[in-house]
Amino acid sequence: MHTEEDHGHHHKETFVTKYIFSQDHKMISKQYLITGLFMGIIGIAMSLLFRLQLAWPEQPFGIFEVLLGKWAPDGVMDPNVYLALVTIHGTIMVFFVLTAGLSGTFSNLLIPLQIGARDMASGLLNMISFWLFFLSSTIMVMSLFVEAGPAAAGWTIYPPLSALPQAQPGSGTGMTLWLVSMAIFIASSLLGSLNYIVTVINLRTKGMSMTRLPLTIWAFFVTAIIGVVSFPVLLSAALLLIMDRSFGTSFFLSDIFIQGEVLHYQGGSPVLYEHLFWFLGHPEVYIVLLPALGITSEIIATNARKPIFGYRAMVASILAIAFLSTIVWGHHMFISGMNPFLGSVFTFTTLLIAIPSAVKAFNYITTLWKGNLQLNPAMLFSIGLVSTFITGGLTGIILGDSTLDINVHDTYFVVAHFHLVMGISALYGLFAGVYHWFPKMFGRMMNKNLGYVHFWVTAVCAYGVFFPMHFIGMAGLPRRYYTNTAFPYFDDLADINILITVFALIAGAAQIVFLYNFIHSMFYGKKTVQNPWRSNTLEWTAPVEHFHGNWEGEIPHVHRWAYDYSKPGHEEDFIPQHIPLKKGEEELQH
Amino acid sequence: MNIFLILSVLVLIAISIWQITKIFELSQAKKVNTQVADDDDNNLNGKLMFAFLIFIYGITIFSFWSYGDVLLPNSASEHGADYDNLMWISFAIIFFVQTITQALLHYFSYKYRGEKGKKALFYADNEKLEMIWTIIPVITLAGLILYGLYTWTDIMTVEENDEALVVELYAQQFNWKARYAGEDGVLGDANVRFLQDFEGRNLVGIDATDPNGFDDVVVQELHLPEGREVIFKMRSQDVLHSAYMPHFRAQMNCVPGMITEFAFTPNKTTEEMRQDPDITAKVKKINKIRVEKSKELVASGDMALDPYEFDFLLLCNKICGASHYNMQMKIIVETEQEFEEWMNSQQTFAEVIQ
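Chains A and B are the protein sequences, given in the same order. Under the numbering used here, the first residue of the first sequence carries the number 110, and numbering increases by one thereafter. Under the numbering used here, the first residue of the second sequence carries the number 3, and numbering increases by one thereafter.
Please keep in mind that the hints were generated in silico from the structure rather than gathered at the bench. C-beta atoms are modelled at their ideal positions from N, C-alpha and C, and glycine is treated no differently. Check the hints yourself; a few may be wrong.
Calculated cross-link-like contacts (lysine-lysine; reagent style DSSO-like; alpha-carbon spacing at most 30 Å) [unchecked claim]:
{"#": "1", "chain 1": "A", "residue 1": "LYS676", "chain 2": "B", "residue 2": "LYS120"}
{"#": "2", "chain 1": "B", "residue 1": "LYS120", "chain 2": "A", "residue 2": "LYS479"}
{"#": "3", "chain 1": "A", "residue 1": "LYS636", "chain 2": "B", "residue 2": "LYS120"}
{"#": "4", "chain 1": "B", "residue 1": "LYS120", "chain 2": "B", "residue 2": "LYS179"}
{"#": "5", "chain 1": "A", "residue 1": "LYS636", "chain 2": "B", "residue 2": "LYS118"}
{"#": "6", "chain 1": "B", "residue 1": "LYS118", "chain 2": "A", "residue 2": "LYS691"}
{"#": "7", "chain 1": "B", "residue 1": "LYS118", "chain 2": "A", "residue 2": "LYS676"}
{"#": "8", "chain 1": "A", "residue 1": "LYS636", "chain 2": "B", "residue 2": "LYS332"}
{"#": "9", "chain 1": "B", "residue 1": "LYS24", "chain 2": "A", "residue 2": "LYS635"}
{"#": "10", "chain 1": "A", "residue 1": "LYS635", "chain 2": "B", "residue 2": "LYS297"}
{"#": "11", "chain 1": "B", "residue 1": "LYS297", "chain 2": "B", "residue 2": "LYS287"}
{"#": "12", "chain 1": "B", "residue 1": "LYS118", "chain 2": "A", "residue 2": "LYS479"}
Just a few of them, taken from the derived set where beta-carbon distance is under 7 Å, the chain B residues facing chain A [what the hints assert, rightly or not]:
{"#": "13", "residue": "VAL38"}
{"#": "14", "residue": "ASP40"}
{"#": "15", "residue": "LEU73"}
{"#": "16", "residue": "ILE96"}
{"#": "17", "residue": "MET133"}
Facing chain A, according to a computed beta carbon distance under 8 Å, are these residues of chain B, among others [to be verified]:
{"#": "18", "residue": "ILE17"}
{"#": "19", "residue": "THR101"}
{"#": "20", "residue": "ASP127"}
{"#": "21", "residue": "VAL140"}
{"#": "22", "residue": "ILE141"}
{"#": "23", "residue": "GLY145"}
{"#": "24", "residue": "GLY150"}
{"#": "25", "residue": "ASN204"}
{"#": "26", "residue": "TYR246"}
{"#": "27", "residue": "THR262"}
Pulled out of the complex, with its shape left as it was, chain B reads as follows (with noise of 0.2 Å):
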């Protein structure tokens, strides 16, 4: 499949090269060639504009066609919704605007192709008009801002309350860890002073003076509990990392030096969206992908790969070095039941120092 692709490219480089080759001399052999587009040009070029303007609108659709499914991953977050909601408003103002602009540039870029003894009108102001589509775009954008900041003030005052879980996100080249704060609710002092402390234990370099701290649990895979709100603390202990939760409409860098923070409230479990129909249907898609892509490895003598499952995803996406691309957490959100059950399964930072 590869090979083909590769081929059938280098084929049609090869023939551009040769198209243009062939026009090349063609042009050579005209005898009068002032290289300046003559009434032949204009009526070539001013068709293929139009032309230009079905194949934008073609590529946009096919794009929508085939790709359109994985636009915007389903949300499971509560703020998830009222995200979407804005990113769907700003999206069809943008398609009604590129729709008619490119339509209006490309038509008159056909229509007004030049023509030799014609002559253009002489059209130099408008106050009018030009106050027209000042107006327009400053209402819009004033709607668009409004309802922009107010969604982003919702989603980024972050509020300490008692009812929140605080889970610290921990990041390091490359590889994520999480903190509970445990029975307390509080996070013990941390600073990468001590990390080396207790043969390299304290993952996350936990005080261990702070009586806060003792409870705390760290783990190497993230668990959440539905319909509480969590906040996050993000910590890094060596580059600038980002925390990106794509599924729940969530980013934020994690600072060497400073500790930041971001809050959401998750309310599907993994399980809810395994059952959904939007991700079943992705998983199938792609496990589809991975069976071919397996005939392939095991012909030439690999290992298959495993069938895919689908999960909740912690990405980093600020650039941090050589594996970046893989540095990643599986999140998984149950119940408030499971939840509890699988935190008092783990060492507290007392039970792993001791």
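Chain A extracted, bound-state conformation (with noise of 0.2 Å):
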């Protein structure tokens, strides 16, 4: 008792401890932010870049050559450029934004304040994992001015295209730190999620059961334990690929002939190259999904002022989802030439992600029914996230049937679907869960009404960018092709691609909004109240003012569930989770 005592009592930190080496979960939970936010912005104009290029393939902009200097000569874009952009745009969104910046910024946050402990298991662990990512995020951004270019075979970087130079100047130098910049980014993914599942585990406040969680702790907590089975595969990949590159090993190249020349490799293959990375590859989808979800329930419940539906069925359909996302992963290898009868297996599996899937959506609805809606920007954020994840959701029917993804495959069908259903969602998730904590983290208030207004943009834009592009990947048009202008039979497909790339730009200018409120708000915002949402959870019961420990004094003991909101008997509309039941008063059996 009396250690804990001790921590709740204002340390004596220095500027460095407090804000650079800092081990308070808080601190580093911002420094997540900020570098995520900071990664986004590259990853978001890379984007707006290759969509001009898309939609005006034959007009030169002055902009590609000011950014892009002599890989655009005269505005021109270098076709190795434009798979560059696409190829870094993806790993950045991907790991860097959804995965760092999201997981790592509400992880950190909410794990220790919401389950009622002082700091997370290992300050010094967690402060490292941060480092670590820092460091990779740097090593990223550095290997974009490499010589020959950064790293452009795609995201998923299949071999032989990244273990050649010879096939594409981007798999040289670029390449390699790609690799370096990754595999620094999973030891600090898996330093983080260990000390989520440690800290989880063991630092529960009293009274704080594994039934009381809040979802958004379930959602984080089970998110870990997918990053610590499946990121190590996606490391062995890099290692073997590191091999490959630079040890003249062959585990995933054989009987290779490139610029006049055989190569030694023998008796490797690309598809074995394909199964650990999809192996680490599809969970990583839900790395990045199934926390949005968490925050979105918290949200939901909390300005729905009801208690979010279900509670058990999305616990269990977390669980399911958990389980689901790491036997799918071959309905990304279809057409890859492996057997057909495995990918008879993997449509069974993919499609039964489809079932917790519903259950999550329809506990959403409902739980809005007969609410008292408080349609803050949180709360926007969080019904568009439920809009998108239902649209893109219902096109994985089609991509993860084994036959209909013949024809679809590589198309940008797949574009439209994985862009509404992980990438625009889990970023509703990132914006909701900003707008919500944000005066927890910064103990100011963001404006509303530039909230609104990025909120309403975006959402119009998101699907006027994406729902048009299911067209155009049903027409049978690649992805990742730098002009359809040599395809004389896709020329009516110009006029969508247009459309296409206005409103991307138009969602562009809407994140300068966002943008400004984060950082003006971090200053000049409204001094924000405790609890200013009238939330239920823990977090709410500590003081503004940040110091390390959290509570001043008695971490509070918890004595109801996470969701008591408007229940009958109660004269407020919420009921925190450290008030002890009243006198007769019955806890709901979850």
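Join these two chains into a complex; the hints should help.
What follows is the structure, given as structure tokens:
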């Protein structure tokens, strides 16, 4: 008891230990967020560049030359650079923004605060985890300035394209840096995940049983487990690829003739790489998505002023999704040359995922029913997430079906599908989380009207970009084409491409509003009260002011679940978790 | 046209930023600004939620109205009809679910928008309801899975037979070649090690010691006879490629170091496709676009574009390097007789290396 009391007191902190090498989870969470947002700006800006190229392939753009220099002489983009932009956009958005930026930020912020812990199980590991992430981000950004250009083999970096510098210029130093950066990123992610798992298991406050955990924590916890199970496999793929590239082994390469030369590689198989990659690659989708769904569950319940509908079913579906996510990777490989029977098995497991996903969607909708919806920006983004999750998820039924995949595999149909279901949905989760927990992070409120503008412009544009994109995919247009003009057959798709780019540019502009709001509110936003959203979870019982240890004095004990909103027989429409049950009050059995 | 579009985008961006600053100033001017949604916010955004539902329906209808004609090109293979059937059934289900769920989501967001003093319904669980929306997807998906797997097995089961035409598709950065097995119906052994034999005339690396290879024919334009099964054997000499033939509902990766397979039976000749009303409409539309574009080109001193004529396509659909976007081969489907004539005019491997 004595040591616990000690922790609650203010430590003397220097500038370096407070802002840079901090071990406080709240500071680390802010560091993750700001690094993630910075990477996000790069990733989104890249997408706008290649969208310009796709809409007006024959039009030189001065901006290309300004930003890309010798890779876009006279404003005409080089095809290799186009591929590099696509590759780095994918890598940055999937790993650096939506994995580290989203999960890193909110797992760090919320796990200790919502379970009632002074900090993560290991503050030191947590700090190391962030700085490894920072290092890997730095290396990834550095790779953009390499002489021959950054990695350009697609974010999946399939060998032999990624293994042979002869095959494309980006597979030289650029790819080496990509691999090094990812290896460090994986180390960071593993340290973070282990920390989250241990913290959730060991450091829950008195009364915080697993069945009283907020759904955010369930989502972060399960996400961390998926990460620990699958990220090491990507690390092994990256290491084997490094061996093939630099030490002459043949894990993934065989029988290659390139640039007039027969290479010595014998007996390897690129299909092996595909298996290893997607063993992480598919769970990665859920590593990105589950935290967003957890955040949304919390925000929707709070702002609907209603308990989340079907808490047990929500937890069960998170677990089911997590389990299934590790046995569906082959649906990325239906036409890779693997045995068609294996394709049947993966079709089966893949389509099963639709069941827990449907349960989640219906539970969200029912939570809204007869609520008293507080439509603040965080709530709008959460509802937006449910909408894009449904739209994007449904086309998964087509792509997950091996037969139908034959003709739409690797077309824009896939691009539209995964951008809606994981890209946009997870981004909405990130935005919702920022709007909702900004007061907790910075002690100030964000401007809600700017938030509304941000949401509505983004929401319209997200559909404007990705809905028509399904059509060009169904028309048979492959992704990762520098231009469609080599095929007169696709000439009638030019209009759609222009429409998509216009929406994308407007969406990009709307993100400036968010950035402005974020930075401005950080310094000049209105000071917040302790519990601005009148929420039940424990983080709002901690004082607005941050200090290492979270609570002055004793950590609050928990007496009820997190979703006692509008419970009959109570004056207020919320009852925080640390309030004991009234005499004769029944706790919900869940 | 393009400049007009860019300008309009810039104007739109400028307007939105101007509007945003205006809203921002207004919000600052308010004396009490709690930043928590009040009744006005809930009312406005609730209504916007309903408007957004109409927007989603609107963009769906708009897309189908203006772009519906590009969806899923006419099929030209025997299994194409099964594929399309499954596709449209899946689509119908998806559209049904999409329409209903988006309506519920946005309607509830509008209907139950918050009001001061209102209290929400405490409603945490209903096992019956949850059972219903677990069981319904289970049944629907079971149907789709069964139908899908049945079709999949049908398409993917390749059985060697004497009737079938065996064709090797050979991929390299950045072009395609095809090899026919010749009279004996057997492809000669091949490996990239033999590519440099015969001063580069051995285009796909046939092993000159294997007698099966002598009558093989290597070409750069794919000809297929109508109504006969074609078994493709795919190879690649450098990186991954993917042989994608959208009109035949066919796709398979080409993997260095292994041979992959796909089979289908073309059931429409190129000529028949060109007569198809859908295709003629498409070609007309494309040529209209090309004529417009040619006018601009000629005005700036460039060559006009050739008029477009329909041909079946083989595209590369796995990122393979700089010219990935232009790795293509023409496919010509013709009658058995025309095919035989064409085949007889080609040089065999034995003739090439003489």
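Each hint tested on the structure:
1. A:LYS676 x B:LYS120: holds, 13 Å
2. B:LYS120 x A:LYS479: Within the cut-off at roughly 10 Å; holds.
3. A:LYS636 x B:LYS120: OK: LYS636 (chain A) and LYS120 (chain B) at ~27 Å, within 30 Å.
4. B:LYS120 x B:LYS179: violated, 72 Å
5. A:LYS636 x B:LYS118: holds, 23 Å
6. B:LYS118 x A:LYS691: holds, 26 Å
7. B:LYS118 x A:LYS676: holds, 17 Å
8. A:LYS636 x B:LYS332: violated, 67 Å
9. B:LYS24 x A:LYS635: holds, 19 Å
10. A:LYS635 x B:LYS297: violated, 58 Å
11. B:LYS297 x B:LYS287: Holds - the C-alpha atoms of LYS287 (chain B) and LYS297 (chain B) are around 16 Å apart, at most 30 Å.
12. B:LYS118 x A:LYS479: holds, 14 Å
13. VAL38: Status holds, d = 6 Å.
14. ASP40: Check failed: Cβ of ASP40 (chain B) comes no nearer than 9 Å to chain A, outside 7 Å.
15. LEU73: With a closest approach of 5 Å, the LEU73 (chain B) hint holds.
16. ILE96: OK, holds: ILE96 (chain B) within 7 Å of chain A, min 4 Å.
17. MET133: Violated. Min distance 10 Å.
18. ILE17: violated, 10 Å
19. THR101: Check failed: Cβ of THR101 (chain B) comes no nearer than 11 Å to chain A, outside 8 Å.
20. ASP127: Holds, about 6 Å.
21. VAL140: It holds, given that the least Cβ distance between VAL140 (chain B) and chain A is near 6 Å, below 8 Å.
22. ILE141: violated, 11 Å
23. GLY145: With a closest approach of 10 Å, the GLY145 (chain B) hint is violated.
24. GLY150: holds, 4 Å
25. ASN204: For ASN204 (chain B), the interface hint is violated, since the closest Cβ of chain A sits about 11 Å away, which is over 8 Å.
26. TYR246: holds, 7 Å
27. THR262: With Cβ-Cβ at 4 Å, under 8 Å, it holds.
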